[in-house]
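S.K.: Chains A, B, C and D, in that order, give the protein sequences. Each residue of the first sequence is one higher than the last, beginning at 1 in this note's numbering. Each residue of the second sequence is one higher than the last, beginning at 1 in this note's numbering. Each residue of the third sequence is one higher than the last, beginning at 1 in this note's numbering. Each residue of the fourth sequence is one higher than the last, beginning at 1 in this note's numbering.
Hints are computed from structural coordinates only; laboratory data are not their basis. Keep in mind the model is a prediction, meaning the values are calculated, not measured. Incorrect hints may have been included.
The calculated lysine to any residue pairs, modelled on SDA-like cross-linking and capped at a C-alpha distance of 25 angstroms, are [stated by the list, open to error]:
(1) D:Lys113 - D:Glu51
(2) C:Lys113 - D:Pro70
(3) D:Lys113 - D:Gly85
(4) C:Lys113 - D:Ala22
(5) D:Lys113 - C:Ser20
(6) C:Lys113 - D:Pro96
(7) D:Lys113 - A:Pro83
(8) C:Lys113 - B:Asn62
(9) D:Lys113 - C:Pro96
(10) D:Lys113 - C:Pro70
(11) C:Lys113 - D:Gln19
(12) D:Lys113 - A:Arg52
(13) D:Lys113 - A:Pro55
(14) C:Lys113 - B:Leu63
(15) D:Lys113 - D:Arg17
(16) C:Lys113 - B:Ile61
(17) C:Lys113 - D:Glu103
(18) D:Lys113 - A:Glu64
(19) C:Lys113 - B:Leu58
If you want the footprint, here are the derived chain C segments under chain D, 3+ residues with CB under 8 angstroms [stated by the list, open to error]:
(20) 32 to 43
(21) 92 to 104
(22) 125 to 134
C-beta: ideal position from N, C-alpha, C; glycine also.
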Amino acid sequence: MTGPAASAAVRVLLFARYADVLGADALSLELPLPATLEQVVAAVRALPGGHRLPPHPLCAINLEQRAADTLVQPGDEVALLPPLAGG
Amino acid sequence: MTGPAASAAVRVLLFARYADVLGADALSLELPLPATLEQVVAAVRALPGGHRLPPHPLCAINLEQRAADTLVQPGDEVALLPPLAGG
Amino acid sequence: MPHLTHAAIDAAALAHRVQSPARGAAVSFLGLVRDHHGGRTVERLDYSAYEPMAETECARIVSEAESRWPVAIALEHRLGRLTIGDVAVAVVAAAPHRAVAFEACRFVIDEVKARVPIWKREHYSDGTVGWVDPTAAGGVVADRPDPP
Amino acid sequence: MPHLTHAAIDAAALAHRVQSPARGAAVSFLGLVRDHHGGRTVERLDYSAYEPMAETECARIVSEAESRWPVAIALEHRLGRLTIGDVAVAVVAAAPHRAVAFEACRFVIDEVKARVPIWKREHYSDGTVGWVDPTAAGGVVADRPDPP
Numbered sequence: 001m002t003g004p005a006a007s008a009a010v011r012v013l014l015f016a017r018y019a020d021v022l023g024a025d026a027l028s029l030e031l032p033l034p035a036t037l038e039q040v041v042a043a044v045r046a047l048p049g050g051h052r053l054p055p056h057p058l059c060a061i062n063l064e065q066r067a068a069d070t071l072v073q074p075g076d077e078v079a080l081l082p083p084l085a086g087g
Numbered sequence: 001m002t003g004p005a006a007s008a009a010v011r012v013l014l015f016a017r018y019a020d021v022l023g024a025d026a027l028s029l030e031l032p033l034p035a036t037l038e039q040v041v042a043a044v045r046a047l048p049g050g051h052r053l054p055p056h057p058l059c060a061i062n063l064e065q066r067a068a069d070t071l072v073q074p075g076d077e078v079a080l081l082p083p084l085a086g087g
Numbered sequence: 001m002p003h004l005t006h007a008a009i010d011a012a013a014l015a016h017r018v019q020s021p022a023r024g025a026a027v028s029f030l031g032l033v034r035d036h037h038g039g040r041t042v043e044r045l046d047y048s049a050y051e052p053m054a055e056t057e058c059a060r061i062v063s064e065a066e067s068r069w070p071v072a073i074a075l076e077h078r079l080g081r082l083t084i085g086d087v088a089v090a091v092v093a094a095a096p097h098r099a100v101a102f103e104a105c106r107f108v109i110d111e112v113k114a115r116v117p118i119w120k121r122e123h124y125s126d127g128t129v130g131w132v133d134p135t136a137a138g139g140v141v142a143d144r145p146d147p148p
Numbered sequence: 001m002p003h004l005t006h007a008a009i010d011a012a013a014l015a016h017r018v019q020s021p022a023r024g025a026a027v028s029f030l031g032l033v034r035d036h037h038g039g040r041t042v043e044r045l046d047y048s049a050y051e052p053m054a055e056t057e058c059a060r061i062v063s064e065a066e067s068r069w070p071v072a073i074a075l076e077h078r079l080g081r082l083t084i085g086d087v088a089v090a091v092v093a094a095a096p097h098r099a100v101a102f103e104a105c106r107f108v109i110d111e112v113k114a115r116v117p118i119w120k121r122e123h124y125s126d127g128t129v130g131w132v133d134p135t136a137a138g139g140v141v142a143d144r145p146d147p148p
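With the hints as constraints, model all of the structure from the sequences given.
M.R.: Spelled out as structure tokens, the structure:
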């Protein structure tokens, strides 16, 4: 850590249709941390194909659903979850 | 039929505890017909052990539950049903 | 198919009778013989029925459910001697969606208990027997011999 | 026991895990693969999951049900490729009495659908595929390629 805007790698998991449209199951994004989930989503949506993701998808941090304003910490596992369709 | 009080045989089926206390699964009662179900029950309760039956048990005529004031016709199959305990 | 059986109930076979590619939800109810009733240890029990009336009433309950909801119902009640853990009654309701399957399954078992002439005699671990009577205090009636 | 499986679900084995001599009522829900969705003919489908989160969430739902009611719950959801009529999800709720068994079984399947990260891709008879999306018009999203 070298300053307030130090950037770090955030691991982002993608599933189902979101993985299809991004062409990847997992991404490693360089982002200034701390960042909110919303900022992580915005970074993913800026990637090729990312415009097909909704601006406010369901998100999880470390296996728990979290709101868009939750801060992502270094080492967190972020997951973007398409609408659930189990059962 | 020789008069208004002609008597006829009524077949009465007994089940479960009622059969136990009467010592029989089926009875043939000579009764003046038409009689109500209530009168048939009273005749059964006058038999040895019959006092253990309630005065107003569930009754069926020809496989259908019927009220105590229903008339029993010659040839009807009457059944006295203890409280149901299926399931 | 008859709804009363003296043989063991095969719940999976019953379910297969009503499951179909158009019905995505199957709700089953199994009623099993419990080892206790009213504080006493039950060892086995005997189910008996007024069989023709019980068959008629079961068929009527199934028809009522199938005309009320878009559902297919399978229903079997076992008679004779059962031991602890045996399946006494099984209901399967298969429907396109789960809300209907739950509702119809519950309806059928509730109506079976309320309307079908079936009786249950329990044999207790102390050697005594009792007739199950949901209307009686304690839920059981055990007759003693008449005084001399 | 894990709640996610890539093998066929054995509903009878699942029921035996929770049935016991003290539990006289067992209510099961089976979700089966239907042959139609939104007017299209489905040939098969693929279930996928965020597996560690899905396991955690299934375990949490089971715990919630078991602490709320006197009930034992078995829950399995299948993943991978399924064909028409296959069991996709099974819930068994075993309890001393039927009201609780019905209520708890319904609770578990409702919560699974609402909370567990599992997704379903349908393959249609015309060769196309779609992602099931209960929030979308028609219930399915099928992406077309981006315009050049």
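S.K.: Each hint should be assessed against the structure and marked as holding or not.
M.R.: Taking the hints in turn, this is what the structure says about them:
Distance restraint check for lysine 113 (chain D) and glutamate 51 (chain D): the Cα-Cα separation of roughly 15 angstroms lies within the 25 angstroms cut-off, and the hinted pair is therefore satisfied. Distance check on the hinted pair: lysine 113 (chain C) and proline 70 (chain D) sit about 22 angstroms apart at the alpha-carbon level, within 25 angstroms; holds. Under the criterion of a C-alpha separation no larger than 25 angstroms, the hint pairing lysine 113 (chain D) with glycine 85 (chain D) is consistent with the structure, at around 19 angstroms. Between lysine 113 (chain C) and alanine 22 (chain D) the alpha-carbon distance is near 20 angstroms, which keeps this suggested pair within the 25 angstroms criterion.
Distance check on the hinted pair: lysine 113 (chain D) and serine 20 (chain C) sit about 22 angstroms apart at the alpha-carbon level, within 25 angstroms; holds. Distance hint between lysine 113 (chain C) and proline 96 (chain D) is fulfilled; the C-alpha atoms sit about 16 angstroms from each other, no more than 25 angstroms. Between lysine 113 (chain D) and proline 83 (chain A) the CA atoms are separated by roughly 10 angstroms; this keeps the pair inside 25 angstroms, and the hint holds. This hinted pair checks out: lysine 113 (chain C) and asparagine 62 (chain B) have alpha carbons roughly 21 angstroms apart, not beyond 25 angstroms.
A C-alpha spacing of about 16 angstroms is found between lysine 113 (chain D) and proline 96 (chain C), which places the hinted pair at or below 25 angstroms, so the restraint holds. Distance restraint check for lysine 113 (chain D) and proline 70 (chain C): the Cα-Cα separation of roughly 22 angstroms lies within the 25 angstroms cut-off, and the hinted pair is therefore satisfied. Distance hint between lysine 113 (chain C) and glutamine 19 (chain D) is fulfilled; the C-alpha atoms sit about 21 angstroms from each other, no more than 25 angstroms. With a CA separation close to 24 angstroms, the supplied pair lysine 113 (chain D) and arginine 52 (chain A) stays within the 25 angstroms bound.
Between lysine 113 (chain D) and proline 55 (chain A), the direct Cα distance comes to roughly 23 angstroms. Compliance with the 25 angstroms bound is thereby established for this hinted pair. The suggested pairing of lysine 113 (chain C) with leucine 63 (chain B) holds, with an alpha-carbon distance near 17 angstroms, which does not exceed 25 angstroms. Our distance criterion of 25 angstroms between C-alpha atoms is met by lysine 113 (chain D) and arginine 17 (chain D), whose separation comes to about 23 angstroms. At roughly 20 angstroms between alpha-carbon atoms, lysine 113 (chain C) and isoleucine 61 (chain B) fall within 25 angstroms of each other, so this suggested pair holds.
Pair hint lysine 113 (chain C) plus glutamate 103 (chain D) holds up; C-alpha atoms about 18 angstroms apart against a cutoff of 25 angstroms. Between lysine 113 (chain D) and glutamate 64 (chain A) the CA atoms are separated by roughly 16 angstroms; this keeps the pair inside 25 angstroms, and the hint holds. Taken as a hint, the lysine 113 (chain C) and leucine 58 (chain B) pair is honoured in the structure, with Cα atoms around 15 angstroms apart against an allowance of 25 angstroms. Counting residues of the stretch 32 to 43 of chain C whose CB lies closer than 8 angstroms to any CB of chain D gives 5, which reaches the minimum of 3, so the coverage claim holds.
Counting residues of the stretch 92 to 104 of chain C whose beta-carbon sits less than 8 angstroms from any beta-carbon of chain D gives 4, enough to reach three: the coverage restraint holds. Evaluation of the coverage hint for the stretch 125 to 134 of chain C: breached, as 0 residues show C-beta separations to chain D shorter than 8 angstroms, against a requirement of three.
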